[in-house]
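A.B. asks: The lines below spell out each chain.
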Amino acid sequence: MEKEIIKLKDIAVSFDGEPVLSGLNLSIRDGEFVTLLGPSGCGKTTTLRIIGGFVTPDHGDVFFDGKRMNDLPAYRRPVNTIFQRYALFPHLNVYENVAFGMRVQKKSREEIKKTVGEMLALVNLKGFEKRGVNTLSGGQQQRVAIARALANNPKVLLLDEPLAALDLKLRKDMQVELKNIQKSLGITFIYVTHDQEEALSMSDTVVVMDGGQIQQIGTPQDIYNEPENAFVADFIGESNILDGIMHEDYLVEFFGRKFPCLDAGFGPKEPVDVVIRPEDIDIVSPEKGHLTGTVTSVTFKGVHFETIVDFKGFKWMIQTTDYYEVGRQIGIVLNPEDIHIMKKSAYSGMFGDYSSYSEEFDELADPEADLVQESVDEENI
Amino acid sequence: MMKNRSAAAPFAVWMLLFTIVPLGVVVWFAFTDAAGHFTLDNIAAIQGHLGTLAYSIALGALATVICLFLAYPLAYSISRKTERVQQTMVMIIMLPMWMNFLLRTYAWMTLLENNGLINRFLGLFGIGPLGMINTNGAVVLGMVYNFLPFMVLPLYSVMTKIDSRIIEAAQDLGSNGWQIFRRVVLPLSMPGIVSGITMVFVPAVSTFVITKLLGGSKTQMIGDTIETMFIGQAANYNVGAALSLVLMVLILLCMAFMGMVDKDEEGGLVV
Ligand SMILES: Nc1ncnc2c1ncn2[C@@H]1O[C@H](COP(=O)(O)OP(=O)(O)OP(=O)(O)O)[C@@H](O)[C@H]1O
Ligand SMILES: [Mg+2]
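One line per chain: the protein sequences are A and B, in this order.
Per my numbering: the first sequence = residues 23 to 403.
Per my numbering: the second sequence = residues 9 to 279.
Bear in mind the hints are in silico, worked out from the structure with no lab data behind them.
Note that beta-carbon positions come from the ideal geometry of N, C-alpha and C, so glycine has one too.
Computed spacing ranges between beta-carbons, pair by pair:
1. A/Asp93 x B/Leu130: 40 to 50 Å
2. B/Pro81 x A/Asp93: 21 to 31 Å
3. B/Gln94 x A/Glu260: 42 to 52 Å
4. B/Asp270 x A/Glu26: 44 to 54 Å
5. B/Phe77 x A/Pro61: 43 to 53 Å
6. A/Gly335 x B/Gln94: 52 to 62 Å
7. A/Asn202 x B/Arg88: 38 to 48 Å
8. A/Lys128 x B/Met102: 39 to 49 Å
9. A/Pro61 x B/Thr90: 23 to 33 Å
10. A/Gly335 x B/Arg88: 55 to 65 Å
11. B/Val29 x A/Lys128: 54 to 64 Å
12. A/Pro95 x B/Val93: 19 to 29 Å
13. A/Asp189 x B/Ala66: 56 to 66 Å
14. A/Asn175 x B/Tyr63: 54 to 64 Å
Let the hints inform the model, and build the full structure from the sequences given.
C.D. replies: In structure tokens, the structure reads:
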């Protein structure tokens, strides 16, 4: 488990003079479930294609089991890929698609038959052997692609947004199936997604990328609880991000008030970004609060209400199970463990303010239907 | 239903005018004598032309095979280019087709003649003159040159539909260049091969202009024989029609055979 199986060292790639990846370093352990997470166009597929051997980096090295494999052609690499759009062979039936890799390797007829049978059982497609792949549903095609890659017994499986085309229910089921397959076969998975929930729930390690660079590598908990910069804090879950000043270890000031916190190691009076997760904020009556503000909009989300509150012109998002109507004065309490301090970065000031927050915008980003209760922008009244 | 029927009407008229009636006329001539009485003599007369028929099929087949081998790599390399480059390359392949067929063939005549351009050029080095005109080689060359685009285009159009991700998938599963070709590109381009062969073989077998201009008096293909049955002193419409009919049946058989090959391939390497 601890042995390093893949290493990317100082990788840089550009297409047509446009840099796509730069300064990329990544080390992956044997048997690990690693997820590359980031917005569209950030270079996730390109990273995967470098490992698969379909893109040659302009700079840097790719190691497999400690051996440099920059010049090893794709067909000789011990990795298999599940492509973003499956790329099944349209002229072959399900059986032959799964058997393809073994036929190329000239495996015996009996062995092929046995392995294909096992693989189709694994992905729940027994009885589909003779079906043409174009007659299958999206989820079934997806599972053929998984069986086809696994039949080659790869040490590393690369999965490029394998579930993106599936509906929510099927996606959830397949997430569980994939995780089970990965655990039971002990294969290293390098998984690409832009769905943060998928990344957090499936991975051992999450690699957050943006603009062709790695922003943070860590366990799902680390990434969520200890985001390294404003981009990560904003991309993973919801975050209120404020300007603050670190007075001394464990003491930060924002909104003209000092708060005890759990972070240390900053310079005296160092300007910092302060992250407060919407679900960590406790609402109390105005007189009991550390800060007081006015509710400007409430959206019902099922498990909670998404409440936007105006604090001195800066709007926060607070998730609460109680309903506070628009216009209501509330107070909030911030405990030291609710406050997370980050160093200033190029992303400072770009995220974490819900002033421009609008329901339509949110609906675009969130396919699940929201039940909009009320949305009033106080400043417009 | 009404809508369907009226929409099919133009096709019915077209078929009647240009397919059924002409075919009926050919069949009529093939099975009657000069006086218009039913006879099988015309069909029997074909025996005297079997040699020419076999010879035509051989030359046509040779030209088709050469076209296939030239066109296949060409079409493949075009299909892997970016869209704009593809369009330009296809244009360049098509360009000679927009020039008159006779002109193109005459051009080859002046190139291949004993005192033609090629021989004069070779003469500068003391080589030749080589007897290139009026040979089987010249005829096959003429066919290949004239019909090559008919092979390239159908091949190109199926190959451009082969998703490059499928080729990457084959690579990913361990296929080297040859295996990718044999297991993915070849089976997926089979429909193009079949229609390319049909589109080259059919006009090649029945050509008469190319043989006339480049083959001289020695070579005679079935197209030339049929021509002499319709013009000149030896004209005999009835035998000519019978010959055309037999040629058509032969071509239909070839196409049916190719169609079967295509089906087999699509079924793939079923266990
Ligand atoms: N072959 C190519 N030629 C030119 N540009 C490319 C090529 N492949 C990728 N790019 C560019 O590189 C950048 C990163 O692309 P990449 O496919 O790695 O993104 P991604 O993170 O996988 O995005 P998505 O989530 O949308 O799949 C994009 O701006 C893309 O336009
Ligand atoms: Mg991608």
